[in-house]
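**Q** Residue-level listing of the chains:
Number of protein chains: 2
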Amino acid sequence: MRQYVLPKTFRGEPSLVLKEKESQYLSKVLRLKEGQQILGRDQEGKVYQLTIEKISKQQCTLSCHQVKEDASVQTTDALPSYSGPYPNLTLMQCLCKGKKEDQIVRQATEIGTREIMLIQSRYCVPNLSSKNEKALGNRFERLNRQVKEAIQQSGSPIPTEIIPEVITLSELPTWWNNRGPVLFFHQSKRYETQKTLHEIVGNLPIETPIALLVGPEGGFSEEECTTLEDAGFHPVLLRTNILRSETAGIYALSAIQTIMTEKNT
Amino acid sequence: MRQYVLPKTFRGEPSLVLKEKESQYLSKVLRLKEGQQILGRDQEGKVYQLTIEKISKQQCTLSCHQVKEDASVQTTDALPSYSGPYPNLTLMQCLCKGKKEDQIVRQATEIGTREIMLIQSRYCVPNLSSKNEKALGNRFERLNRQVKEAIQQSGSPIPTEIIPEVITLSELPTWWNNRGPVLFFHQSKRYETQKTLHEIVGNLPIETPIALLVGPEGGFSEEECTTLEDAGFHPVLLRTNILRSETAGIYALSAIQTIMTEKNT
Numbered sequence: 004m005r006q007y008v009l010p011k012t013f014r015g016e017p018s019l020v021l022k023e024k025e026s027q028y029l030s031k032v033l034r035l036k037e038g039q040q041i042l043g044r045d046q047e048g049k050v051y052q053l054t055i056e057k058i059s060k061q062q063c064t065l066s067c068h069q070v071k072e073d074a075s076v077q078t079t080d081a082l083p084s085y086s087g088p089y090p091n092l093t094l095m096q097c098l099c100k101g102k103k104e105d106q107i108v109r110q111a112t113e114i115g116t117r118e119i120m121l122i123q124s125r126y127c128v129p130n131l132s133s134k135n136e137k138a139l140g141n142r143f144e145r146l147n148r149q150v151k152e153a154i155q156q157s158g159s160p161i162p163t164e165i166i167p168e169v170i171t172l173s174e175l176p177t178w179w180n181n182r183g184p185v186l187f188f189h190q191s192k193r194y195e196t197q198k199t200l201h202e203i204v205g206n207l208p209i210e211t212p213i214a215l216l217v218g219p220e221g222g223f224s225e226e227e228c229t230t231l232e233d234a235g236f237h238p239v240l241l242r243t244n245i246l247r248s249e250t251a252g253i254y255a256l257s258a259i260q261t262i263m264t265e266k267n268t
Numbered sequence: 004m005r006q007y008v009l010p011k012t013f014r015g016e017p018s019l020v021l022k023e024k025e026s027q028y029l030s031k032v033l034r035l036k037e038g039q040q041i042l043g044r045d046q047e048g049k050v051y052q053l054t055i056e057k058i059s060k061q062q063c064t065l066s067c068h069q070v071k072e073d074a075s076v077q078t079t080d081a082l083p084s085y086s087g088p089y090p091n092l093t094l095m096q097c098l099c100k101g102k103k104e105d106q107i108v109r110q111a112t113e114i115g116t117r118e119i120m121l122i123q124s125r126y127c128v129p130n131l132s133s134k135n136e137k138a139l140g141n142r143f144e145r146l147n148r149q150v151k152e153a154i155q156q157s158g159s160p161i162p163t164e165i166i167p168e169v170i171t172l173s174e175l176p177t178w179w180n181n182r183g184p185v186l187f188f189h190q191s192k193r194y195e196t197q198k199t200l201h202e203i204v205g206n207l208p209i210e211t212p213i214a215l216l217v218g219p220e221g222g223f224s225e226e227e228c229t230t231l232e233d234a235g236f237h238p239v240l241l242r243t244n245i246l247r248s249e250t251a252g253i254y255a256l257s258a259i260q261t262i263m264t265e266k267n268t
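Chains as they are written, first to last, in the numbering used here: chain A, 4 to 268; chain B, 4 to 268.
Hints may contain errors.
Note that identical chains are pooled: a pair holds if it fits in a single copy or bridges any two copies.
Cross-link-like lysine to aspartate or glutamate pairs, in silico, EDC-like; alpha carbons within 16 Å at most [stated by the list, open to error]:
{"id": "1", "residue 1": "K198", "residue 2": "E265"}
{"id": "2", "residue 1": "K103", "residue 2": "E164"}
{"id": "3", "residue 1": "K22", "residue 2": "E226"}
{"id": "4", "residue 1": "K134", "residue 2": "E225"}
{"id": "5", "residue 1": "K266", "residue 2": "E202"}
{"id": "6", "residue 1": "K100", "residue 2": "E202"}
{"id": "7", "residue 1": "K60", "residue 2": "E37"}
Calculated directly from the structure, the hints in this document are not laboratory data.
Chain A on its own, in the form it takes in the complex (with noise of 0.2 Å):
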C-alpha cells in the first residue's frame, strides 16, 4: 500500500469518517494505529496527508490535510520516487476473457494509463452485445475494483478512468475524434514500410494524447486492419514474437512510455 484512495464524496474537508469496508481495510488490511498516518489521494488527484485519529469496532476517523506532491511527508509508506512527467496514454483493448481482462486492465493501471476502452471487434471470444445492463454493470464493476487497487499499490497519481461502456471497432475513430495518434498491432506482413515506435512517439510533446489499439486472441481481420487504416491509425508491428492479448498492451505501453519519458525528461 502507497496511498489510499479518497470516496468519490471527498471534497478536501479536513476531517473524514470511513465505514464498513473502508474503515476494515485501513485498521485490518493495512494494520494502521491510531496516530499513524498514510497518503491519500483524491479523485482529482490531490495527494493528502491522512492521519488516524480514532479506530472503533464500526468505523474510523481520518484527518486530512492538503500536502504538495514532492513534499517530504512523513508516513509509514513513501510515494514512488519518480513523479512524472507521465505520457497521456489511453488503452483501447479488444474484449477478452474475464481473468486475462482483470490482469489487463490491473497492469495498465499501475504503468499509469489515463484511460481504457473497451472494444468489440470480430475475433473477439466474449460477445457483449447479447449481455444485459446488470451482467455489464458487473464487469465494470470488476474492474473498476482492479483500478482502485492498482492505484493504491502503485501509488499512480493518475486517476485511470475505465469507460463505462463498449464500442465496436467501427466507433472507434469518431469516439476518439482524433485526439492524437493511434497505434495498432498486428501480426501481418501487408506494409511495405512500416515506422518504428520510436518514429512514431519520439518526437511528440510528453502531453499529446496517444492511443494504443490492441486486438484479441484471434487478432484483427483484413477488412478491419483496412478499417483502422483508413481512420489514419498507424499499424505497428511489433518486433517481438506474437504475443497474446494480455501481453501486447503491456509490452506496448511500456515501451511507449519508455520512449516519451526518456526523451522529454
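Here the structure of chain A is known, so what remains is to put chain B in place on it, guided by the hints.
**A** Chain B only, in chain A's frame:
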C-alpha cells in the same frame, strides 16, 4: 498454436512417432487431421515442416522436413512476421509466489527472453532454501511447462532456458561472470545521477548479453543495493509508478527489446 516444440530427443529424423500426451496435443487440442501440416522447432531452434501422416488412438506419426526460417511454408498457421534479430536477454527474477512466477516466466518467454534465473533475496516471500529437492524439481517442471506452451503459442525462435537452480543475490556476480551489463530496478532516491535505459543499452550491439534483475515484492534492501552496485550492476529507476514484481520484469524486457531492435534494424 504457432509452432510445435519437438521433443528433446529429436535429432532431425525424417519420421517421428509421438505417444500419449504429445500425440493428444496435436490431435485433440489442435485438432489436426491426417495430411495437415504444422511448423515444428527443435531444441537448437531449427524449423521443420511437420506433416501428420497417421493418427490413431495411441499415437501419431509425423514426417519431418527441415525448412529455412523465412521460407513460406503451407501450414495451418504461420510464424510471426518479425523474424529477428532479437536482443540476448537474461531475466534474473527474485522468487515470487507460484502463480506470479508462472505469469512472469510465461510472458518473458513470449517476448523472447533467452535465459531465466531464479534468485533468493532478503525480502522474498517464498524461501526455497528449506525445500527438499523434490519440491524444487516440481517447481521447475511447472515453470518448464509454461516455457514450452509459450514458445508454441508465440512462435518464438528463442529456446528460452530456465536455469534449474536457485542462487542467492550474492552469488549472482560470479554466476554472471561479466558477460555484459546487468540492470537492477529499485525505488530509492539515493543515486544523484542515473542513466536512462536508452543511455545504457541504446548503442550496444544487439547480440550483447544483457541481464535484468527484478526484485521481489518487498524490493531490495539498502545493503543489497550497495552489494549490487559494488558488483558493477547498473541501478535503474524506471520512469513509472511502483510496479509489482510481475509487472516490472515485463515492463523492462519490453522497453529494452524495443530500444535495441529499433536502433539496430
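**Q** Of all the hints given earlier, name the ones this structure violates by number, lowest first.
**A** 2, 3, 4, 6
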